[in-house]
Structure formats: structure tokens, C-alpha cells
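Participant: One letter stands for each residue in the lines below.
2 protein chains.
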Amino acid sequence: MIVDRLIQAIIEKQNPSCVGLDTALEYLPDSLLKGAGTPKRAAEAVFAFNQAVIDAVEDVVPAVKIQIAYYEELGYYGLKAFADTARYAKKKGLFVIADAKRNDIGATASRYARAFLSRTAIGGVKKAAFPADFLTVNGYLGSDGVRSFLDECEGRDRGIFVLVKTSNPSSGELQDLRLADGRTVCEAMGDMVSSWGGRRGKFGYTRVGAVVGATYPEEAKVLRGRMKSVFFLVPGYGAQGGSAETLKSCFDRRGLGAIVNSSRGILCAYRKTGGAFDEAARRAALEMKEDLLSAVGVPHA
Amino acid sequence: MIVDRLIQAIIEKQNPSCVGLDTALEYLPDSLLKGAGTPKRAAEAVFAFNQAVIDAVEDVVPAVKIQIAYYEELGYYGLKAFADTARYAKKKGLFVIADAKRNDIGATASRYARAFLSRTAIGGVKKAAFPADFLTVNGYLGSDGVRSFLDECEGRDRGIFVLVKTSNPSSGELQDLRLADGRTVCEAMGDMVSSWGGRRGKFGYTRVGAVVGATYPEEAKVLRGRMKSVFFLVPGYGAQGGSAETLKSCFDRRGLGAIVNSSRGILCAYRKTGGAFDEAARRAALEMKEDLLSAVGVPHA
Numbered sequence: 001m002i003v004d005r006l007i008q009a010i011i012e013k014q015n016p017s018c019v020g021l022d023t024a025l026e027y028l029p030d031s032l033l034k035g036a037g038t039p040k041r042a043a044e045a046v047f048a049f050n051q052a053v054i055d056a057v058e059d060v061v062p063a064v065k066i067q068i069a070y071y072e073e074l075g076y077y078g079l080k081a082f083a084d085t086a087r088y089a090k091k092k093g094l095f096v097i098a099d100a101k102r103n104d105i106g107a108t109a110s111r112y113a114r115a116f117l118s119r120t121a122i123g124g125v126k127k128a129a130f131p132a133d134f135l136t137v138n139g140y141l142g143s144d145g146v147r148s149f150l151d152e153c154e155g156r157d158r159g160i161f162v163l164v165k166t167s168n169p170s171s172g173e174l175q176d177l178r179l180a181d182g183r184t185v186c187e188a189m190g191d192m193v194s195s196w197g198g199r200r201g202k203f204g205y206t207r208v209g210a211v212v213g214a215t216y217p218e219e220a221k222v223l224r225g226r227m228k229s230v231f232f233l234v235p236g237y238g239a240q241g242g243s244a245e246t247l248k249s250c251f252d253r254r255g256l257g258a259i260v261n262s263s264r265g266i267l268c269a270y271r272k273t274g275g276a277f278d279e280a281a282r283r284a285a286l287e288m289k290e291d292l293l294s295a296v297g298v299p300h301a
Numbered sequence: 001m002i003v004d005r006l007i008q009a010i011i012e013k014q015n016p017s018c019v020g021l022d023t024a025l026e027y028l029p030d031s032l033l034k035g036a037g038t039p040k041r042a043a044e045a046v047f048a049f050n051q052a053v054i055d056a057v058e059d060v061v062p063a064v065k066i067q068i069a070y071y072e073e074l075g076y077y078g079l080k081a082f083a084d085t086a087r088y089a090k091k092k093g094l095f096v097i098a099d100a101k102r103n104d105i106g107a108t109a110s111r112y113a114r115a116f117l118s119r120t121a122i123g124g125v126k127k128a129a130f131p132a133d134f135l136t137v138n139g140y141l142g143s144d145g146v147r148s149f150l151d152e153c154e155g156r157d158r159g160i161f162v163l164v165k166t167s168n169p170s171s172g173e174l175q176d177l178r179l180a181d182g183r184t185v186c187e188a189m190g191d192m193v194s195s196w197g198g199r200r201g202k203f204g205y206t207r208v209g210a211v212v213g214a215t216y217p218e219e220a221k222v223l224r225g226r227m228k229s230v231f232f233l234v235p236g237y238g239a240q241g242g243s244a245e246t247l248k249s250c251f252d253r254r255g256l257g258a259i260v261n262s263s264r265g266i267l268c269a270y271r272k273t274g275g276a277f278d279e280a281a282r283r284a285a286l287e288m289k290e291d292l293l294s295a296v297g298v299p300h301a
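Here the protein sequences line up with chains A and B, keeping their order.
Under this note's numbering, the first residue of the first sequence is numbered 1, with each subsequent residue one higher.
Under this note's numbering, the first residue of the second sequence is numbered 1, with each subsequent residue one higher.
Some hints could be false.
It does not matter which identical chain is meant; a pair holds if it fits inside one copy or across any two.
The list that follows gives simulated cross-link-like pairs (lysine to any residue, SDA-like), each with its CA atoms no further than 20 Å apart [said to hold, decoys possible]: (1) K40 / S118; (2) K228 / S195; (3) K40 / D84; (4) K248 / R226; (5) K34 / D4; (6) K126 / L33; (7) K126 / E44; (8) K91 / D59; (9) K127 / L33; (10) K13 / V125; (11) K40 / R87; (12) K34 / A121; (13) K289 / D59; (14) K126 / G37; (15) K34 / V125; (16) K34 / K126; (17) K34 / A52.
I should point out that these hints are in silico values taken from the structure, not numbers from a laboratory.
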């Protein structure tokens, strides 16, 4: 089961973190940027950058998270770079989290589910449009908006992470509103996510995870206590202000139950340290691992 | 201002509806499907179908709504068909609503905003990745997640529709929850949407609209009363069960304030009526117009 395999990889690599490939064109070093004068070339340069980063961190992290907005702004060639990056990362044995926050009514959500978690049949051949292991999902539409994703999770052993408490400054405007029954909106969302989980794997977690920001440690603690079978994807470390100390509460007592993402801090590390971007990314990924391990003790195999 | 121009077009065409280009590959007639054996060919066939539908309805409807999930499942060639369709519809003088329900933290949302509502600079040339006039947005992340979209709305005279009360059966699971202050979650979302609107145009509406489903007439009535400056995009007519009678409450007393979408009912009309798909789509679009006008009196120019 996929969440077991992800946790196994976290234990083996002693690293509960992933590298976020939020590869903005302007993050690229001049050497790659100089040939990137058309959408096609720009997308190829982004893919080349991603390949080098993946090569540099493949033995350090268990997963990459690819943020699709950065590819969409390059147009359909950008989406090709997204698909190529996902395929390359999978070939290297990394789990791929497509961060796309998709959401729609059932009939439409089934198309998104197919695009990211399954395969589309065209001319009798089934092919994955954007091959991911996990997809981020926005649950505002309720259970029938999520059902298609759950079906692919079960049928094809994939996973999703549903937005519960996001890392941005204004997340509380809706998510922290108090309901008449005493829960907050994000707790109500968390309870729905728990109910969608299905079978628990050997570590006690299900295929249906939650996005819980590193920037709200108190809310994370409450949610961790409420959502015992739900694995967390934790954004907000580094550039957004979350630290190993603030995100400790996303983990369970064993030091499991969450994977932490860093994007700009890894991709743009070379600008602070100098040197080659891929080597700087590797050093930053190793530093992040050590930083997390100092606060969260991941069990050994 | 864009919402004024949209309303002007609704008045001129005496039609408060748009055609939803949710063009699933399997909706295509055999004549187009037979050459569609690869992702590239399939995407070209979808674009050809869309062109014919646009040609058939361009003098009937003021706008098309293109649902991106149906294009994503075809991979990046599908996204090319999405972009080509948006360009073609704009060239024909139709407003383009990109139905993508995008959402993310500010830094990332700015990339989505650029992709759909603005232009990306590559090699010193600015080009629209997916040129739309309006984009649907999910507001679960609160105001800083929406800010980038608002900036493009103001800077480039574009519009957004934020999900408030969706048309699907389970929309109430989160959206109808009662808050401690007496509002429902969707009313709270609606109040945020009202606060994001900015300047009102000559018809009293702002660039920041809301998605309110045709399938919940009572909630729509409450929201219409609360959100007086917010223009509604109304899905759920036809295939989803909404009727002209149930969606009347989305309109104001003048017969303005909303645009109603139908997708499958138009695209797949030929399967019920026989004949050419584009002619059947035109007839279905004209029937929808008459049906809406019988319940909602759109003012004359």
C-alpha cells in the first residue's frame, strides 16, 4: 500500500522531507536561462534543471512535490515539462506528489483523477497524462467531489492529500471560523478527511492524507490528535517561516505521520552559497534532513 | 469594465447563458473520433469539435465556459487544445470563462493568475498561456490566496468567479455547516467574496463573481440577497437537474446578475435529436435561451 511504501522510504532514507520542484523560470541559473527564449525552450530548460536537482537529491529524499502552477504559466510546453519531470522522478525511484489542489463536481473530478492518478484511454492505448503517486485536492465540494480521487486511490494504489489547514497568512479567514458545534471549519474538514481514509496500512495511516501547514503549530497539534489515521503533507518550512520546532506537532510519537516540503530553500540555495545549483540543492536537502532529524526522531528500520 | 461588457453582451443577445465546452473525447461523433488515435490527434479532434460548436453558437451566446479537467486528461496536447479553443472563442468575440477552480498560497496563486488572466514573459516576449476573460477560483485559502487573481482582475480588466455554493449533491457537507455566528460556511465565503469585489460597474456588479449552483434555489435566494454586487456563474442547469424555475433566484429584479451554464445538454444534443452535432448544439443553445427567457426577463438594450 502506497502510504506504507512512502513511510518505508522515509525510514530507509532517515528523511521525512521532500523537495518541492516549484521551478519558476527565474530560479534557473544563467547557463540554463540563456537558451530559454521560447516557451518550448523555456520548458526544456526547466526540465533540465529539474533533472539535475533530482539526480542530486535522489538518494537523500524519498519524494518530490511538483507544483503545477509554475508549469502552467509556461503554457502547454510547461505541462510537458511537468509530465517529463514526474516520469523522470518515478524512474529514479522517487515518489511523486502532484501539487495541483484539484477540485470539482464528481463527473469532472473523475477527469482530474484520471489525469493525475490513472491513465486515459486514447485509440485503445492507456497512458498516464501526468503520472503521480499522490495528488493534492481541495475538499470544499464535499465527498462526491472527492469520490473519484478515492476510487483511483483504491483501484490503483495512489494517495491524495486534502487541504485542511494551509500554511498561508490568511488561511484562518475561513479555516479557523468556529462552527456552532464547537469545531473549526478546518477541524470539520479534517473529520471528513478522516472518514474518507478507508483501510489503514501497517503504520496505521490511510491513503487519504491532509495538507497541514508548518506555520500553525497549535492547530497542527489539535489536528494531529484528531486525525490519527491521516498522514500529513506539511508545507511552509523555510521560506514561509516554518521551522523544525514548529512542525514537530505534525508527527506522531514514533516520529512518523508526516512529510515536510521545502521548495525555494532547495532550488535557490545556490544563490546564497554560490557554486553549482545542483550541488547546492543537495547540500540544502541534507541540511534540511539534519534539521528535521534534530527535532523529530524518525525510527530506524 | 469586463462585467459591464459581459452584461451588455447578455442584453444584446438576450441570453444569460453560456455553452460549457466540457468536451470529453467520448462526446465526439464517430466522424471526428476515427482519426483520434493518439493524444495529439485526439486533442486536435477535440479542438475541431469545439470550433464547430463555437461557429454554431457564436451569435446565440455571449460566452463559453471551458472546463479544463477534460483537457488535462488528454495530457499536454489536451492543454494545447484548451488554449487553442480559448483563442478561437475570443477571436469570435465570445467571452471565455476558464473553469479551473485554481487555488493556492499567494506566491503560487500568482503563477495561476498569470497563466489564465495575464501573460508570461519568456525571452522578452509576453504571451498568454491560457487566455481567458474569467477564471473560476476556490477561496478555501482566504484573501491572500485570492489577492493575485484580484490584482490581475484590476490591472488587466479580468474577472473571477469564486466557489460559494456548488451544484453537486454533497456540496452541503462543508458549505452548509452552521457557524457560531449564525451564518453558514457558504454565506461566510460569500461575504468574503463581496468584500473582494472593489469598484462596481454601471450595472452594479464587480469583477469578483461567485459560483452558485442552479440545484439549490433556496440557498441561491439567500445568497442573492446577501451578495448584491456579486455576479453569479450558475452551473447545474440541465444534466445536473437545475431548471429555469429553480435558478430564477440567482437573478436580480431586472433579470440581470447571473449567467447560466449548460455543457452536456448542448455538446451531446445530437445524440438525442440526430443530425449534425453542431446544428444540434445550436438548436439546444436556442432552446436553453428560450427556456431561460420564459423564467427570467432580461431587459432590452
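Participant: Work down the list of hints and note, for each, if the structure agrees.
Facilitator: Each hint tested on the structure:
1. Taking the shortest alpha-carbon separations for K40 and S118, only the inter-copy value of 19 Å comes in at or below 20 Å, while the best intra-copy value is 26 Å.
2. With identical chains, the CA atoms of K228 and S195 are at most 20 Å apart within one copy only, with a shortest distance of 11 Å there and 37 Å across copies.
3. For the homomeric pair K40 and D84, the shortest alpha-carbon distances inside one copy (13 Å) and between copies (16 Å) are both at most 20 Å.
4. Taking the shortest Cα distances, K248 and R226 sit within 20 Å of each other inside one copy (16 Å), while across copies they are farther apart (42 Å).
5. Proximity of K34 to D4 under the C-alpha cut-off of 20 Å is found in neither arrangement, the shortest distances being 43 Å within a copy and 43 Å between copies.
6. Proximity of K126 and L33 under a CA criterion of 20 Å is satisfied inter-copy only: 16 Å between copies versus 35 Å inside one chain copy.
7. For a Cα distance limit of 20 Å, the shortest separation of K126 from E44 across copies, 18 Å, qualifies, whereas the shortest one inside one copy, 25 Å, does not.
8. For a Cα distance limit of 20 Å, the shortest separation of K91 from D59 inside one copy, 13 Å, qualifies, whereas the shortest one across copies, 50 Å, does not.
9. Proximity of K127 and L33 under a CA criterion of 20 Å is satisfied inter-copy only: 18 Å between copies versus 31 Å inside one chain copy.
10. Taking the shortest Cα distances, K13 and V125 never come within 20 Å of each other, neither inside one copy (36 Å) nor across copies (43 Å).
11. In this assembly of identical chains, the alpha carbons of K40 and R87 lie at most 20 Å apart whether taken from the same copy (18 Å) or from different copies (19 Å).
12. When the C-alpha separation of K34 and A121 is checked against a cutoff of 20 Å, the pair qualifies only between copies, where the shortest distance is 14 Å, while the shortest distance within a copy is 38 Å.
13. Proximity of K289 to D59 under the C-alpha cut-off of 20 Å is restricted to the intra-copy arrangement: shortest distance 12 Å within a copy versus 60 Å between copies.
14. Taking the closest pair of Cα atoms, K126 and G37 come within 20 Å of each other only across two copies (11 Å); inside a single copy the shortest separation is 34 Å, beyond that limit.
15. Within a single copy, K34 and V125 get their C-alpha atoms only as close as 38 Å, which misses the 20 Å cut-off; across copies the closest is 14 Å, which meets it.
16. In this assembly of identical chains, the alpha carbons of K34 and K126 lie at most 20 Å apart only when taken from different copies (17 Å versus 37 Å within one copy).
17. Taking the shortest alpha-carbon separations for K34 and A52, only the intra-copy value of 17 Å comes in at or below 20 Å, while the best inter-copy value is 41 Å.
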